[in-house]
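Build out the structure end to end from the sequences listed, making use of the hints.
Just so you know, the sequences run in chain order Z and L. Going by our numbering, the first sequence opens with residue 485, and the numbers climb by one from there. Going by our numbering, the second sequence opens with residue 485, and the numbers climb by one from there.
Hints were generated in silico from the structure; no laboratory data involved. Be a bit skeptical, because a hint or two may be false.
[Said to hold, decoys possible] Not the full set, but computed from the structure, chain Z residues with beta-carbon under 8 angstroms of chain L: (1) 532; (2) 591; (3) 622; (4) 625; (5) 641; (6) 648.
[Stated by the list, open to error] Non-contacting residues of chain Z with respect to chain L, defined by C-beta distances greater than 12 angstroms in every case (computed): (7) 515; (8) 576; (9) 623; (10) 674; (11) 681; (12) 685; (13) 688; (14) 700; (15) 710; (16) 718; (17) 730.
Note that the Cβ used here is the ideal one computed from N, Cα and C, for glycine as well.
There are 2 protein chains.
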Amino acid sequence: MPETTTTYELYYWPFIQGRGEFVRLVLEDAGLDYVDVARLPESRGGGLQAVLALMNGPLPNGPRPFAPPYVRHGNLVLAQTALVCRYVAEHAGLAPEGALDRLRADQLMLTIADGVAETHDIHHPISASLYYDDQRDAAKRRAEVFTHERLARFLGYFEAVLEDNARGRGEVAIADRTSYVDLALFQLMAGLEYALPKAFARVTAATPRLRALAAVVAERPRVAAYLASERRIPFNAQGIFRYYPELDEP
Amino acid sequence: MPETTTTYELYYWPFIQGRGEFVRLVLEDAGLDYVDVARLPESRGGGLQAVLALMNGPLPNGPRPFAPPYVRHGNLVLAQTALVCRYVAEHAGLAPEGALDRLRADQLMLTIADGVAETHDIHHPISASLYYDDQRDAAKRRAEVFTHERLARFLGYFEAVLEDNARGRGEVAIADRTSYVDLALFQLMAGLEYALPKAFARVTAATPRLRALAAVVAERPRVAAYLASERRIPFNAQGIFRYYPELDEP
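Structural data, given as structure tokens:
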């Protein structure tokens with residue numbers, strides 16, 4: 485395995501939170517030394533070209549990434565958001581301790597990733613390669629089902645998971661200590677609140693544990709420092725979580 | 485960890501291949517003793533109710549599944565297709581040997597899962613809870629982009645991965661022996677060929693390694709026996725891969 489003291493290089497689009505934000509939160513909360521490569525100037529090997537370069541050619545030791553975010557750490561180049569979060573977290577004390585609990589954390593993280601993908605497709609139901617304005621009608625239809633059915637299905641599920649776990653183990657997603665899954669739940673909640681404020685307020689009225697968990701994560705010292713810093717890119721209309729008023733409970 | 489001799493119980497919809505098929509292929513190729521629970525009669529604890537029961541109540545040791553497929557193995561109930569495949573494969577000699585190669589396999593498997601999700605949404609771009617006929621126009625638009633852009637992007641990616649790996653390691657996805665990733669690539673190819681025969685023929689004319697790999701997997705003795713058995717549910721119009729002629733290169 486690579487040395488845990490090796491610097492992590494994160495490769496992701498430099499102008500959005502997007503899926504990269506789930507990785508950034510793990511790196512930040514762990515207090516790890518990392519470089520957000522694309523946010524460096526091109527003269528120092530940064531910019532978009534740095535993200536694209538490793539995707540467009542063979543790598544010496546394994547498969548190239550299909551899409552960002554990905555990290556480079558020692559000899560490893562690793563893509564897929566949930567997997568990258570798990571990898572960093574397991575090296576940084578932000579994963580559960582036992583092998584079975586690590587699998588359970590991975591299950592939850594992948595379910596969060598599914599929720600993120602469904603949320604993205606609200607505004608791009610036809611294709612990510614077309615403009616929003618060219619798929620606005622389909623987007624409204626998708627948003628209607630998402631805000632009235634799927635949102636409560638996802639958040640209700642995570643609420644039940646927290647409730648079940650609190651019964652015997654702790655006030656976190658898995659076992660009894662904060663993991664990358666809790667960080668991801670915070671980010672999911674933050675994104676949904678930004679993108680769908682009306683639907684979010686209605687649905688989360690019934691998910692007090694999830695709201696409490698998100699608040700606790702936001703107050704973790706390194707997370708709070710990160711959120712207040714310039715490293716936290718504001719939500720905007722290019723990311724996964726976008727605020728289009730016509731999609732919020734149409 | 486659970487004993488590897490414990491019987492695996494697979495929970496998935498009994499009338500489609502769907503995402504469960506990726507798990508079935510690992511279980512079958514490994515020659516493992518498993519029960520496809522929902523295909524048992526209700527009098528023996530099978531049927532749809534068996535799938536729903538574990539999703540709708542708390543579990544003693546960890547989070548409930550959000551959706552099938554999931555497996556029960558000893559004390560573990562584990563959901564998320566890619567994760568379940570990895571778990572079974574790592575117990576059954578169908579995963580790469582080294583820790584880094586296991587991460588790389590996971591990365592590819594999650595990318596396959598992304599491709600499967602995009603393929604599903606061709607026919608259900610608005611919502612899985614609406615009928616196809618109620619989202620046919622959006623489906624045609626999505627299929628147009630998928631068949632003319634995304635299909636070649638995904639399959640071209642996996643072709644490049646095979647080419648890169650063949651240069652130094654082997655004629656498989658990762659390292660030098662068959663893994664669950666190769667089984668999944670076979671299933672992805674089989675499903676795409678069924679659902680989008682015209683687009684598939686055109687795009688795979690440029691992916692000879694992927695075609696060769698799929699053919700090799702189909703001839704593995706246990707896979708071939710499975711595919712010829714009644715356990716292999718035929719593709720149909722309820723699964724992920726559906727043949728609607730109007731969606732094949734509209």
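Cross-check of the supplied hints:
1. 532: violated, 18 angstroms
2. 591: holds, 5 angstroms
3. 622: Holds: closest Cβ of chain L sits about 4 angstroms from residue 622 of chain Z, inside 8 angstroms.
4. 625: holds, 5 angstroms
5. 641: Since chain L brings a Cβ to about 5 angstroms from residue 641 of chain Z, closer than 8 angstroms, the hint holds.
6. 648: holds, 4 angstroms
7. 515: holds, 23 angstroms
8. 576: Since the minimum Cβ distance to chain L is about 15 angstroms, residue 576 of chain Z lies beyond 12 angstroms and the statement holds.
9. 623: For residue 623 of chain Z, whose nearest Cβ neighbour in chain L is about 9 angstroms away, the distance does not exceed 12 angstroms, so it is violated.
10. 674: holds, 21 angstroms
11. 681: holds, 22 angstroms
12. 685: Label holds. Min Cβ-Cβ 22 angstroms, cutoff 12 angstroms.
13. 688: holds, 18 angstroms
14. 700: holds, 19 angstroms
15. 710: holds, 26 angstroms
16. 718: holds, 27 angstroms
17. 730: holds, 16 angstroms
Consistency note: the structure conflicts with the earlier hints numbered 1, 9.
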